[in-house]
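Asker: Each chain, letter by letter, is given below.
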Amino acid sequence: MLLNQFLLLAAVLFCIGVYGVLARRNGVMVLMSIELILNAVNINLVAFAAMNDDISGHVFALFVIAVAAAEVGVGLAIILLIYRNRASIDLEDADLMKG
Amino acid sequence: MSNVVLAADLLVAQNIAFGLIALVIIGAALRVVTTNDVVHAALYLVLVLAGVGGLYFILGAEFVGTAQILVYIGAIIVLFLFGIMLTRAPIGGEADLDNDQRWLGGLIAVLLLAILGYTLIDRWDDSQLPADTVVTTAQVSDAIFSTYLLPFEVISVLLLAALVGAIVVARRD
Numbered sequence: 001m002l003l004n005q006f007l008l009l010a011a012v013l014f015c016i017g018v019y020g021v022l023a024r025r026n027g028v029m030v031l032m033s034i035e036l037i038l039n040a041v042n043i044n045l046v047a048f049a050a051m052n053d054d055i056s057g058h059v060f061a062l063f064v065i066a067v068a069a070a071e072v073g074v075g076l077a078i079i080l081l082i083y084r085n086r087a088s089i090d091l092e093d094a095d096l097m098k099g
Numbered sequence: 100m101s102n103v104v105l106a107a108d109l110l111v112a113q114n115i116a117f118g119l120i121a122l123v124i125i126g127a128a129l130r131v132v133t134t135n136d137v138v139h140a141a142l143y144l145v146l147v148l149a150g151v152g153g154l155y156f157i158l159g160a161e162f163v164g165t166a167q168i169l170v171y172i173g174a175i176i177v178l179f180l181f182g183i184m185l186t187r188a189p190i191g192g193e194a195d196l197d198n199d200q201r202w203l204g205g206l207i208a209v210l211l212l213a214i215l216g217y218t219l220i221d222r223w224d225d226s227q228l229p230a231d232t233v234v235t236t237a238q239v240s241d242a243i244f245s246t247y248l249l250p251f252e253v254i255s256v257l258l259l260a261a262l263v264g265a266i267v268v269a270r271r272d
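Taken in order, these protein sequences are the chains called A and B. The numbering of the first sequence is my numbering, which starts it at 1 and goes up by one. The numbering of the second sequence is my numbering, which starts it at 100 and goes up by one.
Each hint should be verified, as a subset may be incorrect.
Partial chain A-side listing against chain B, Cβ under 8 Å, derived [claimed, not checked]:
#	residue
1	30
2	34
3	80
4	94
5	96
Computed cross-link-like contacts, SDA-like style, restricted to lysine to any residue with a CA-CA straight-line distance of at most 20 Å [claimed, not checked]:
#	chain 1	residue 1	chain 2	residue 2
6	A	98	B	168
7	A	98	B	199
8	A	98	A	85
9	A	98	A	88
10	A	98	A	86
11	A	98	A	74
12	A	98	B	200
13	A	98	A	82
14	A	98	A	25
Read the hints as simulated data drawn from the structure, not as lab findings. Source: prediction; values computed, not measured. A virtual CB, placed ideally from N, CA and C, is assigned to each residue, including glycine.
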């Protein structure tokens, strides 16, 4: 197997995640796109760990999974609070700090 | 010896598995960012995460793959579904879940993919992965509890902080 097939797959997944973060209007959808980005990074880490026979790629990937779990927890709590205060998680409506 | 390419060298099964999983991942990821129903997006995300877990097993990362299935699909997706439920996502989807930046976002994503793809192909053109790359859980645990002990403890504190923070932010008072 080529190293590049994993790296390119991760690059495609990353770019799909970037599109999701930029184009989605629902706060939960933006968080899901961030998860796509984090998974793309993890694929890269594990592929390089397999290539260079280095365990640190696996360990770093585990840390990324843990941080992603923490981030989703806090992010969803914030979105819940926004929903409670404004009855909508449409990011187009959250423009209090705009101009 | 000769120019005969053995099927064992081609790793036919791994490559076929990789191809199928890659199709599933990319198809499901595209549906995550284009569907109009938030619940469907969460379920497509489950497909992506399961596919990525399969990729880890192909690469021989057994512990990371197991952690991926347990933590991502088993906990983070459930968190997402709770969040969708508590923010009253409309059943059956809304009219449109994209904002007006979607074309610019698509352009940026395509440009980023072009730059990344060119860089990757230029640098790691034909690098082959080693034939046997299985990493056991024992090796990962040896590394975590010796070399990476401090980051491991810091991650524990981080998770505690995130837990307390999420509860404080989201509680009703």
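Asker: Assess, step by step, whether the Cα of residue 98(A) is no farther than 20 Å from the Cα of residue 86(A), and give holds or violated.
Answerer: Holds, at roughly 16 Å.
Asker: Let's test the interface hint: is any C-beta of chain B closer than 8 Å to that of residue 34(A)?
Answerer: violated, 11 Å
Asker: Against the 20 Å threshold, does the CA-CA distance of residue 98(A) and residue 82(A) hold or violate the hint?
Answerer: Since the Cα atoms of residue 98(A) and residue 82(A) sit roughly 16 Å apart, the hinted pair holds (cutoff 20 Å).
Asker: Going by Cβ atoms only, is residue 96(A) closer than 8 Å to chain B?
Answerer: violated, 17 Å
Asker: Is the interface hint for residue 94(A) satisfied, with its Cβ closer than 8 Å to some Cβ of chain B?
Answerer: Nearest chain B Cβ about 11 Å off; hint violated.
Asker: Do the alpha carbons of residue 98(A) and residue 200(B) lie within 20 Å of each other, as the hint requires?
Answerer: OK: residue 98(A) and residue 200(B) at ~16 Å, within 20 Å.
Asker: Can you confirm whether the C-alpha distance between residue 98(A) and residue 74(A) stays at or below 20 Å?
Answerer: It is violated: about 24 Å lies between the C-alpha atoms, which goes past 20 Å.
Asker: Sort out whether residue 25(A) lies within 20 Å of residue 98(A), counting only the CA atoms.
Answerer: holds, 16 Å
Asker: Can you confirm whether the C-alpha distance between residue 98(A) and residue 168(B) stays at or below 20 Å?
Answerer: The given pair, whose Cα atoms are some 40 Å apart, is violated under the 20 Å limit.
Asker: Against the 20 Å threshold, does the CA-CA distance of residue 98(A) and residue 85(A) hold or violate the hint?
Answerer: Since the Cα atoms of residue 98(A) and residue 85(A) sit roughly 18 Å apart, the hinted pair holds (cutoff 20 Å).
Asker: Answer holds if the nearest beta-carbon of chain B is closer than 8 Å to that of residue 80(A); otherwise answer violated.
Answerer: This hint holds: residue 80(A) lies near chain B, its Cβ roughly 5 Å from the closest one there, short of 8 Å.
Asker: Is it true that the CA of residue 98(A) sits at most 20 Å from the CA of residue 199(B)?
Answerer: holds, 16 Å
When the structure is compared with the earlier hints, violations turn up for hints 1, 2, 4, 5, 6 and 11 and for no others.
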